[in-house]
Amino acid sequence: MNISEEEIRKITFEAISQLGERATPEAVKEIVRKRVESASGSETKFLKSDTSSGRVILTSFGLNHPGIVAGVTKALGESNCDIQDLTQKLMGDFFTMIMVIDITESPKDLKEIQETMNKVAEELKIKIYLQHEDVFKFMHRI
Amino acid sequence: MPYEFEEILETIRMTEIEHFDIRTVTLGISLRDCHDRNLEVTKQKIYDKILKYGGNHVKYAKEIESQYGISIANKRVSITPVSIPFDSFSLEEYVEIAKTLDRAAEDIGIDYLAGFSALVQKGMTNGERELIKAIPFALSETKRVCSSVNIASTKAGINMDAVLMMSEAIKLTAEKTKDKDSIGCAKLVVFANAVEDNPFVAGAFHGVSEPEVTLNVGISGPGVVLDAIKEAGRVDLQHLAEVIKKTIFKITRAGELIGRKVAEKHGVPFGIVDISLAPTPAEGDSIADILKAMGVEDVGAPGTTAALAMLNDSVKKAGLMASSSVGGMSGAFIPVSEDMGMIRAVQAGHLTLEKLEAMTAVCSVGLDMIAVPGDTPATTIAGIIADESAIGVINDKTTAVRIIPAYGKKIGDYVDYGGLLGKAPIMKVSNLSSANFVERGGKIPAPMRSLTN
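Note that the protein sequences, when read in sequence, are chains A and B.
Counting from 1, one number per residue, gives the positions in the first sequence under this note's numbering.
Counting from 1, one number per residue, gives the positions in the second sequence under this note's numbering.
If you're looking for bench data, these hints aren't it; they were derived computationally from the structure.
Be a bit skeptical, because a hint or two may be false.
Claimed, not checked - FRET-style restraints, in silico, Cβ to Cβ:
(1) B:282 / A:119: 47 to 55 Å
(2) A:77 / B:1: 18 to 26 Å
(3) B:143 / A:78: 33 to 41 Å
(4) B:4 / A:13: 50 to 58 Å
What the hints assert, rightly or not - Partial list, derived from the structure: chain A residues whose beta carbon lies under 10 Å from chain B:
(5) 61
(6) 98
(7) 125
(8) 126
(9) 133
(10) 137
Just so you know, even glycine gets a beta-carbon here, dropped at the ideal spot from N, CA and C.
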């Protein structure tokens with residue numbers, strides 16, 4: 001985020017009036033620089049905290065056969081993803097599993113994990129979807 | 001588990017099976033500071049500004065797409081109506097500006113850029129007159145530029161001189177793009193009561209009261225609503241309205257989330273969410289199918305207008321609850337060529353232009369993507385535009401006409417654009433003449449309703 005010229009001008013005037021008689025070009029410059037840095041710093045911080053919890057919902061389904069949970073969890077473990085919750089249901093031959101995973105410690109980003117999981121899905125002949133937790137939070141919680 | 005099993009599966013079903021997507025993230029950019037008396041300098045300023053703000057638009061949208069697992073179908077840009085900052089230019093110069101816009105759109109990797117526009121509901125400046133005349137050339141010599149002209153409003157009435165000019169511009173655009181089924185007309189919208197923050201191309205523009213740059217989102221999802229209605233079974237209409245509202249509420253929430261995240265990436269203010277049920281030619285992504293699922297035998301059957309009115313109203317109510325920044329059109333779109341169900345209804349002879357006109361009185365836009373015979377006189381098109389504008393002006397709502405008098409084609413033929421624009425059967429237009437009415441010119445005065453102060 002950039003600070004507009006208008007804002008910098010305002011900060012400069014404030015600094016001059018604060019310094020009063022002690023105002024030298026160097027002192028003003030120093031104060032303005034600090035203020036601008038802290039302003040842009042706080043903005044980035046706000047953006048970061050606002051983005052996400054780092055949690056992802058993984059949904060997988062397909063025809064049931066041995067080794068699905070093992071296959072999925074193994075790949076997640078190798079990517080250093082932390083499984084925080086897991087639930088599964090069997091409806092006839094049909095298998096559904098939902099996991100809440102934390103990917104903040106993972107060296108991979110969501111897209112790379114998605115790619116890894118796509119390979120797993122192909123091997124196990126199931127479907128795997130990964131979506132950010134915020135989507136569910138927004139849709140189902142007010 | 002913080003979420004119910006069913007809730008998670010519902011979301012997955014919506015995004016993966018029912019074609020729920022963010023239809024468009026549209027970056028609105030003001031070009032009001034790009035004027036210079038030298039055309040070359042103006043062109044450079046326009047190009048630089050679009051690249052400055054829009055350069056990362058596609059990249060950011062893709063990043064959010066993969067982060068949230070919800071697809072964003074279109075990434076687009078809208079600009080200040082070109083006639084406003086560049087009022088001093090002539091026809092040829094406007095065409096040059098359109099080419100610059102086309103090049104900028106191509107270079108930032110978007111398919112459409114909208115805002116080659118003018119707002120002339122009360123009268124025309126010299127520049128606006130030149131711009132309207134330039135439209136057929138601009139649309140035939142560019143690929144990505146879309147144009148719209150607002151010719152009527154509840155406050156100002158209907159500018160019939162502009163209506164006639166626009167109908168001639170439409171005819172010429174059809175002729176100039178005859179090699180491609182008159183595709184130019186698919187990029188040209190005539191509005192009454194145009195909204196300034198509409199994210200949906202071709203009618204989008206960045207209104208004069210909008211900030212320097214803003215991000216608007218258009219969400220859709222007829223497939224989601226269709227399945228919810230089917231699942232509800234044979235319930236009474238009040239119950240059905242509730243089902244529609246609940247579904248729309250959820251997808252609006254998702255849309256707002258995605259919009260805010262894309263805006264955050266750009267570091268620009270988030271504008272509005274436009275929750276509009278907009279069909280695509282994909283099977284199941286159809287408004288016509290929703291109306292049929294509600295109970296009418298086919299679109300065009302008695303009861304269709306009532307069903308559409310209820311659908312449109314439920315969409316608005318749910319959107320309003322789900323987001324504090326609802327804007328744009330927010331309702332149901334009924335373009336013919338972009339909706340398989342509508343195409344079938346026209347082919348079967350169930351849906352006529354007249355019934356469509358009635359339907360537009362209760363939904364969010366108007367006669368959209370309608371192909372008519374190439375020999376339809378300009379005065380008849382002017383009559384159609386005037387009728388549609390009258391509906392908008394009297395009912396204090398937006399109406400639009402996007403009509404394609406397909407050059408050299410007649411009833412039984414098709415125009416076929418492929419992709420999102422789809423395929424339209426040529427529809428029958430009344431042979432009765434409107435010429436003596438529309439050629440009177442002047443203005444239809446603003447209605448009673450405009451005197452609200």
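Against the structure, the hints:
no.: 1; hint: B:282 / A:119: 47 to 55 Å; in the structure: violated, 28 Å
no.: 2; hint: A:77 / B:1: 18 to 26 Å; in the structure: holds, 20 Å
no.: 3; hint: B:143 / A:78: 33 to 41 Å; in the structure: violated, 46 Å
no.: 4; hint: B:4 / A:13: 50 to 58 Å; in the structure: holds, 56 Å
no.: 5; hint: 61; in the structure: holds, 8 Å
no.: 6; hint: 98; in the structure: holds, 5 Å
no.: 7; hint: 125; in the structure: violated, 17 Å
no.: 8; hint: 126; in the structure: violated, 13 Å
no.: 9; hint: 133; in the structure: holds, 8 Å
no.: 10; hint: 137; in the structure: holds, 8 Å
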